[in-house]
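> Chain by chain, the residues run as shown.
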Amino acid sequence: MPPEMLLLAALDGLAYGSLIFLVAVGLSLIFGVLGVLNVAHGSFYAIGAYVAAAGVLALTGMGLPPWLAFPFFIVAAVLVGVIVGGLVETLLLRRIYGKEEVLQLLVTFAVFMILEDAQKVVFGVQPYFANAPMNWLGTIEVFGIFYTQYQLILIPTVALLVLVGLRLFLRRTAFGRAIVAVTQDRDAATAMGIDATRVYLITFIIGASLAALGGALSSATTSLTPGIGSGMIVLSFAVAATAGLGRIEGAAVAALLIGLGRSVAVYFAPEFDVLIPYLIMVAVLLIKPEGLFTTVQTRKV
Amino acid sequence: MARQLIIGAGLLAALIIFPLLSPWSTVILTVALCEGLAALGILVLLRAGQVSFGHGLYFAFSAYVVAFMAAARFGHEVLILVPVATAASGLLAALVGLFVVRYRAIFFGMLNLAISMVFFSLLEKLFSITGGADGKRVPRPTLAGISLERAEFELWIFYITLGLAVLAALGVARYLLSPGGKALEAIKSNETRLEYLGVSSRKVLFGAYVLSGLLAGLGGAVIALVSGHVTPELAYWVRSGEFVFIAILGGVGGVVGPFLGALMFQIIRGYAAVYAPETWHAVLGVMLLVIIFFAPNGLYGLMTGRKPAGTGQ
Chain G
1 MPPEMLLLAA LDGLAYGSLI FLVAVGLSLI FGVLGVLNVA HGSFYAIGAY
51 VAAAGVLALT GMGLPPWLAF PFFIVAAVLV GVIVGGLVET LLLRRIYGKE
101 EVLQLLVTFA VFMILEDAQK VVFGVQPYFA NAPMNWLGTI EVFGIFYTQY
151 QLILIPTVAL LVLVGLRLFL RRTAFGRAIV AVTQDRDAAT AMGIDATRVY
201 LITFIIGASL AALGGALSSA TTSLTPGIGS GMIVLSFAVA ATAGLGRIEG
251 AAVAALLIGL GRSVAVYFAP EFDVLIPYLI MVAVLLIKPE GLFTTVQTRK
301 V
Chain U
1 MARQLIIGAG LLAALIIFPL LSPWSTVILT VALCEGLAAL GILVLLRAGQ
51 VSFGHGLYFA FSAYVVAFMA AARFGHEVLI LVPVATAASG LLAALVGLFV
101 VRYRAIFFGM LNLAISMVFF SLLEKLFSIT GGADGKRVPR PTLAGISLER
151 AEFELWIFYI TLGLAVLAAL GVARYLLSPG GKALEAIKSN ETRLEYLGVS
201 SRKVLFGAYV LSGLLAGLGG AVIALVSGHV TPELAYWVRS GEFVFIAILG
251 GVGGVVGPFL GALMFQIIRG YAAVYAPETW HAVLGVMLLV IIFFAPNGLY
301 GLMTGRKPAG TGQ
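Residue numbers (the numbering used here), protein chains in the order written: chain G, 1 to 301; chain U, 1 to 313.
With the rest of the complex left out, here is chain U:
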């Protein structure tokens, strides 16, 4: 725990200072935080031994809620848009969760994928409502009632997101230590024994699922604000797979892991755009294999030097 705090504090300090030194990095770092939040949701599910290839659904749903509300000039305000969109994602996760928590492992992962693809297809096909594959523009909303210039807005959003990410990470760390979080690990190790203790594994997983939907939704809401544009691609299953990649790359041992993974992911994306623009998914694939076979605890595991415990072994 102490090490986790040190790594987390170091990362936080670096993130606070970096945008002040190089303003161009603000948006990239915000995107990394958003994807880190979604990957944090994946981490919660991975603790239960489950993987979702469909959390792009909550990411995209929340982003579209922001886009629709902003376009309708209804609550055209960051402090309203983000909580409402996040809550909407949580509600959707509760609805879908009722169905998917009945399944484990392969079915859990692939049903999430299928449901997110339903949403993706709807976004693409219902052109008159969603703007089809071109997506929707998100006009820049006010922040606490003040209209800001682009650079200022981006900087503020970054620090707000950073604050929210810290809160989310601390909250998830607390949750993982709580009885609910411990029961989550028991789903992975032996679900039947958990049920014999009188704990409903479905209820435990349902709670984790809604939490993961909220985290992905929070990330999606902020992405819509900083990119100013939403497309169905946010819901595509390969995109959901990237969240899983980030979670595994960062490591599931601690809540700092997904954010380390997300920063690394942005670095890889940056380099790949220059050196391997056509084959950057292949680069991700190779890295994923290397991590799974040689460093199953991810970057976080490498930094804390712990023996593999989270995945595989």
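So that you can see chain G by itself, here it is in the shape it has in the complex:
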């Protein structure tokens, strides 16, 4: 096996892993703070992708320069997070905090079913393909193979910025520290004057926006068809569970691990590439049942 092949697989895996990191870190953040596993998270990814693709097609249709797509991606992600994510949190999730986890899973599953069909109604079932932003950035040559700068440089850079930004936000800003405080002890944080309801809402919006951003970035690289969201939720859960739910830096490591594993499989055993994320997850959980980066908690009687 030639060493260049491994490098090429690694570069592919980097781009892919960065993309699933963006989605998985949102899922993990929401779980860490709200304690809810959001089954509808994949739908935010899909809606982000569709809004971005529709926007880019409209922009290029009007003859505007393709670089406008990049600021639009961010606007689209925030809009999806605030509108769709905000509505889901205020109307539904707010009623079920503190109830059984199973009930919370069911409510977000219901949201998933509604959002999946809503996409079909709004965006239709025809495939969307809007690769203008990717073409605009051009290509770069690595070992005689042309890579798009979009996948090799832009997506990993965004993922890195999100990772560092989230860390700084949670550790250094007042609101970020309020989020951490609510995660550790909601009652104590409320007693200190932190508005826990607002913290929950904003955390959910941030998580949903990150998923939508992942979707927006992916929209330039593939054609969008109904059902992309239902695949993504499984994949991002695999990443979040491998890392340990609620672990942000861990999600980056796990996303990279799974991204690399998958792209190596694409080169060497293409029929099994979709299995790799699950195999990695099951292997990790067999050895460390709480995920790679979680410490064991004591049980309450």
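If you're looking for bench data, these hints aren't it; they were derived computationally from the structure. Any given hint could turn out to be false.
[Stated by the list, open to error] Per the computed footprint, the stretches of chain G lying under chain U, defined by three or more beta-carbons under 8 Å from a beta-carbon of chain U, are:
no.: 1; region: 97-108
no.: 2; region: 115-121
[To be verified] Okay, derived cross-link-like pairs now, DSS-like style, lysine-lysine, Cα gap no bigger than 25 Å in a straight line:
no.: 3; chain 1: U; residue 1: Lys188; chain 2: U; residue 2: Lys203
no.: 4; chain 1: U; residue 1: Lys188; chain 2: G; residue 2: Lys99
no.: 5; chain 1: U; residue 1: Lys182; chain 2: U; residue 2: Lys203
no.: 6; chain 1: G; residue 1: Lys288; chain 2: U; residue 2: Lys188
no.: 7; chain 1: U; residue 1: Lys182; chain 2: G; residue 2: Lys99
no.: 8; chain 1: G; residue 1: Lys288; chain 2: U; residue 2: Lys203
[Stated by the list, open to error] Anything over 12 Å on all C-beta distances counts as not near chain G; from chain U, calculated:
no.: 9; residue: Gly75
no.: 10; residue: Lys203
no.: 11; residue: Val274
Just so it is clear, CB atoms sit at the ideal spot from N, CA and C, and this is done for glycine as well.
Let chain G serve as the given structure and place chain U on it in line with the hints.
Chain U alone, transformed into the frame defined by chain G:
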């Protein structure tokens, strides 16, 4: 208990008579019974406070066992195919159960989902063996050695399935009242106390998990027989979610619930196909939310008029 028997007997009588009055309903009712069986498996797990978004795995596995055996003309006989496929699902559930009973709640639900998606992907990717996304045809087998015409075959399968469903429902009701079933409820309310009593909660949940796999497998085996065709879609996680939907819609208060839910599900599917073919999952989603927030004991709870006890409260 008396009310449960009355509702169950009423439902049974209606199901016995209905296909005789309207032959077109036979297959739909058989499908409802199969999905009801799978949802009954979900009910067993819900009693322990656990939900699986992956029981499509056992449903599909059993259906594919039937398809492979029937295609190979190996035991091309309903009375062999159904028990073998159901037992095979039970074995698979025992294997997967060893792993998943170590987890609860979110992890339990999502690991089941992930494992079923592994199977789904394998069914789609291993085209040369499984026929890929197109699936496999299931030639109609003999019943007790007799080759039947389609309509007769369907009618017989319906009554056999109905008989099996009644047995399964009575068996599960008995199990839920047994010490094992009571321990199952204790997993939901307080697992640590259960362990202090000297009961292994993993063993209790393992038993329930294998039972739920057998029930889903039984449903899947019959589905393969009546539809004459199996596809990977049977294992897709949204399909597994439909079983959960049926269980919640019907109500987890009694073993009749999943079958009520399954009949209602077929009615919704029928109407949605006409009035909202593109958005029928959204209809299910809205209904699920309405049930969770306003009628947490499902249809069965509405009929018995009991206060919410099973879910949420």
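> For which of the previously enumerated hints does the structure constitute a violation, in increasing order of number?
none
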